[in-house]
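J.: Sequence:
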Amino acid sequence: MAVTSFALADYVVFAFMLVVSAAVGIYYAWVDRSRRNPGNFLTGGRKLTALPVSLSLTASFMSAITVLSFPAEVYRYGANIGFYSLSYLMAMLITSEVFLPIFYKLEITSTFEYLELRFNRATRLLGTLLFIVQTILYSGIVIYVPALALNQVTGMNLWGAVISTGVVCTFYCTLGGLKAVVWTDVFQLGVMIAGFLSVIIASVILQGGVINIFSDSQHGGRINFWDFDTNPLRRHTFWTVAIGGTFLWTSIYGINQSQVQRYISCKSIAHARLSLFINLLGLWLILLCAVFAGMCLYSVYKSCDPWTSGLLSALDQMMPYLVMDVLGDYPGLPGLFVAAAFSGSLSTVSSSINALAAVTVEDLIKPYASMSERQLAWISKGTSLLYGVLCIGMAGLASLLGPIFQAVISIFGVIGGPLLGLFTLGILCPFATSKGALSGVVLGLAVSLWVAIGAQIYPPPPEMSRPLSLTTEGCNFTMTDSFSWTSTHVPTLQSSTTTAPVLINSNRPALADWYSVSYLYFSPIGTIITISVGLIVSVLTGGRKLNVESRLRLTKEDTSLYYLFKLIKDRAMRRKRKLDLKKDRKKTFGNPNPAFCDVELDLPQSSIST
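At position 247 of the sequence shown the residue is numbered 250 (my numbering), and the sequence of numbers has no breaks.
Note that these hints are calculated values from the structure, not bench results.
Simulated restraints, written as ranges between beta carbons of each label pair: (1) Lys50 - Arg574: 32 to 38 Å; (2) Ile539 - Ile204: 52 to 58 Å; (3) Ser271 - Leu120: 18 to 24 Å; (4) Ile456 - Lys50: 43 to 49 Å; (5) Arg574 - Glu376: 46 to 52 Å; (6) Tyr14 - Leu96: 40 to 46 Å; (7) Leu96 - Arg577: 27 to 33 Å; (8) Asp332 - Glu376: 53 to 59 Å; (9) Lys572 - Leu128: 41 to 47 Å; (10) Gln221 - Trp453: 38 to 44 Å.
Owing to the predicted nature of the structure, the values given are computational and were not obtained by experimental measurement. Even glycine gets a Cβ: it sits at the ideal position worked out from N, Cα and C.
Let the sequences and hints guide you as you build the complete structure.
T.: Given below as structure tokens:
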């Protein structure tokens, strides 16, 4: 495959994004130089407002995975991942009503502090270690993805790009702390949206309008929203995306340190709740852009698929390929798209590094060492630098994990699911004991790992994953230095359609169907097993006699729904009292005058003198 190099304008746009990101870190390092304490570095002094926090929440997990892999997912499997919009809504509601009130009122820096308060130190350490493993693996993937994009469109050395991403991210995160991370996220989210829109607008112009793109996607089977099959083995249906996605995104927004650390840095719980729902609008916008970009991919390459024709080695290269195909003649726009992919990764990895530093200081250092605030602040910066280096090193694993989108979801499902179950036990189950919590999370993790590893060995058959057909019938190109390999010729030969090869072991064991469960159900499996086992063990170990502090469990006064219902009830009662005139008579006219008697006298006429 020929590679087209960046023009000067592309490098300028890309460099501008990196310079602004680094400048924000330098700015906050200078502004906060006199307030060197871990609280200011890790939580921004708890003085942030809803708007920047909400945009940071959106950017944190709308990474290069979203920019590159979501459109490729739509191109190959259809647009039913759009049901994530429902998952986002449910996750925000659950987070706002269940997890946010507990973490905010405790004023903790690390979410795992809660586990020690509610259970014991062993539970806290286990949760911390699981989070560290999960986050380093995830960060390695999102560093690798934009490096792949750069390698695809510029020919830049792959590992040179990996190291560049990690170094820039580690630089501003280590210098500026949470404030730098939040405000660079705001800027980078804008770059991500601009990059998406540039590709979408160019594709719409190329294909002759939005209607043509929808028509092509409809005829190609990409608009497959109405799939309500309840079979849990199906890769993507309404139920797998809506239910599995709700568990997945609740584990991210409800208990993941990267997200919790942001909304508890708000100056009030009202700002924290508002940030979640403004963030929801951002998630919907990014998802809409990603899904429509996938439709654009199919519309442009419906008759000449670059992947099955051998021009690309992986589906995750489709978006960079489209960028150079439709934007190559517009200097600066390819650079904007690559800047968007890089922005997604920088925002995510910086959030992860800051969160890793927080849990390391709060969970692994402070409980065991007596240090001054200034010393802890320097240790926070040092651990940020250390984790930046580790994330760069772990990026090498990304190439071994198969399709990037599914790999990311699998990591969060396998580890995030049991952790979600662990926190849910503590917050919603007042009789859950430490023995029950530890037993539940260990078994939940073991089963999740078992299923995930089995799915790699025995992948689901094509009838369960249902990849959509692709064709090379309309290809009309030669291997030149040009990326303009699109064609308007509509294929007529069925033999030209292909599907991706799926390696299936002919000696599939009896449990093969269990291994073939949709990867989106990894998180619910881990959560449900953790809660179920935790409850059973807790009952058997005397949990019914347990007395838990009210601040460690969810009460009705913690939820906004309680105050909403109370407001509605109060208004209804006031209206009822206004209509009940007999009940209000004494309040309206006062008490009777004791000088008079309002009892009717019934005296016989004979007793009245005349």
